[in-house]
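There are 2 protein chains.
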Amino acid sequence: MGLAEKVASGDRRAAARLISLIEDGDESIRTELADLHCRGGHAHIVGVTGSPGAGKSTLIHKLAREWRQRGKTVGIIAVDPSSPFTGGALLGDRIRMQELSTDQGVFIRSMSSRGNPGGVAKATADAVRVLDALGMEKVIVETVGAGQSEVAVMDVVHTVLVVVVPGLGDDIQAIKAGILEIGDLFVINKADRDGVEVAQRELEMMLELEGEAKGWRPLIFKTIARTGEGIGELVDNIEGHWDMIKREGLLEESERQRCRREVLELLKHKAVLALLSEYGPDDFDALVREVARRKLHPHDAVEKIMEKRKK
Amino acid sequence: MGLAEKVASGDRRAAARLISLIEDGDESIRTELADLHCRGGHAHIVGVTGSPGAGKSTLIHKLAREWRQRGKTVGIIAVDPSSPFTGGALLGDRIRMQELSTDQGVFIRSMSSRGNPGGVAKATADAVRVLDALGMEKVIVETVGAGQSEVAVMDVVHTVLVVVVPGLGDDIQAIKAGILEIGDLFVINKADRDGVEVAQRELEMMLELEGEAKGWRPLIFKTIARTGEGIGELVDNIEGHWDMIKREGLLEESERQRCRREVLELLKHKAVLALLSEYGPDDFDALVREVARRKLHPHDAVEKIMEKRKK
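Residue numbers (my numbering), protein chains in the order written: chain A, 267 to 577; chain B, 267 to 577.
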């Protein structure tokens, strides 16, 4: 039995092994991944993003517990290297998270970039396929919320939660950089702190500026993840978003867009490898030296590589 | 006289105009950019990165003033959309920054991504060329420090400053994600706050784990940018890093690596455009639909595109 088949039959060890091979960028599992992709497409994939210190991990912990109580299986993929799920945080947090990991209806996994920042989004997309095929009904993907690679990770999810905390002022500004556009639900966590009202007003203003281009007006929730306050209502609304996507026929379009982006990303990678091997590594080095000596602009170097290929 | 020639003769309006065309992705300035590239290579390019709220802009303001007092011309490129240099912050900050902009030895410019996150690194590289050709001896590039695009922006600089603040705990953890590896100097700003010693110890530990692979042992400095404390010593050490690069013959190697990365990035972009136009946009859409319907894994779709090209 192949690894993909084992995963589909519910073999958790096969799932863990397959994700490790994905992280390693092992090319020998190409067929398994194709198999997984064709078996999947059932899970609801939920992204949780936000600054370090916003309480994302505690929130995810509570979301997972709420879904378990509602009879759903839950997969968690933590892409944030400082997440307690990945062992990057305080011992107390790690122990709290382990409570979940003894539950057979939960599968937790952290992803590391292994020094290849672009690789994380690619590997995460395939890890989501594994948990989907394993039968996890909800798959939560956690990333630290800033920068292009996080936005790329969020490309693979259906519903994006953006988590902020009151009283950090600057942070609300900072999420503008690429994250605001992709948020479906906004969570003001640690809502027992000062500054909740200010944070809420700022968010509302920013979302208003953003307009309603998406057909879904982003909602704002207040939670105290530590005590569980607001979690039930939040889960209701995450389910509401999922129902809306399915009801409005948006799922097919969203799948198509996700697949398009993924194909383009892989194509970039393959195309450059092919071009470089055709042009010849030594000739490429010589070209780069010319650019470094300021005899040639990078654009013109690229032109030369593309020209040679046409011949 | 072409725009590049005007820039090289010190025409600030030509520089501003050229950077706008760069931001627009205007293809008609290709020759100007090549010209600029060949005229440049004199500036010391300094990157400043760190979380929102770390006080990067105030620090840059003080660095610029210190360099002006030492007789250097200074260019500033702010890539952070929440930076006071870009008008994203409080009025008071903006006014403070404007004090610099009346000085003819200073050129300040913000870069916007215009909705294309990948484009910022590319545009910043060319904007640096403009300020270099304009004769700015120090060019400071400011980015918010997390995520792949920020790391990509830092590819174009010689010396990377990572700015942190005490008392945010999590933040020190968060900078691990790609930023720690590229820092040459670490600045603990707002050093009059509680928790400086903890922040310093954590940084030291993390840098020790990181090893000394680079031949330059990263240094840690404490500053209070608001009052100017520690700025003189920091500038001394930024100059020390620049001297070291030049002395050890590292500049040529670093230029080569920077150019290599830039050529590869441009090549990716061009190669995908060429492949898609060959394969045909309609056939590509059909392929993406097959992936979305789970008949085909993205890898296999890419394989098909690459196969057709070979014929």
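Calculated from the structure, these hints are not laboratory results. It is possible that some hints are incorrect.
Below, in silico cross-link-like pairs of lysine-lysine (DSSO-like), each with a Cα-Cα straight-line distance of 30 Å or less [what the hints assert, rightly or not]: (1) A:Lys272 x B:Lys570; (2) B:Lys338 x B:Lys488; (3) B:Lys338 x A:Lys570.
Interface residues of chain A toward chain B, partial, derived using beta-carbon atoms under 7 Å [unchecked claim]: (4) Asp290; (5) Ser294; (6) Cys304; (7) Val568.
Note that the coordinates shown come from a computational prediction; the quantities given were computed from them, not determined experimentally. Ideal Cβ placement from N, Cα and C applies to all residues, glycine included.
Checked hints:
no. : hint                : result
1   : A:Lys272 x B:Lys570 : holds, 28 Å
2   : B:Lys338 x B:Lys488 : holds, 23 Å
3   : B:Lys338 x A:Lys570 : violated, 38 Å
4   : Asp290              : violated, 16 Å
5   : Ser294              : violated, 12 Å
6   : Cys304              : holds, 5 Å
7   : Val568              : holds, 5 Å
When the structure is compared with the earlier hints, violations turn up for hints 3, 4 and 5 and for no others.
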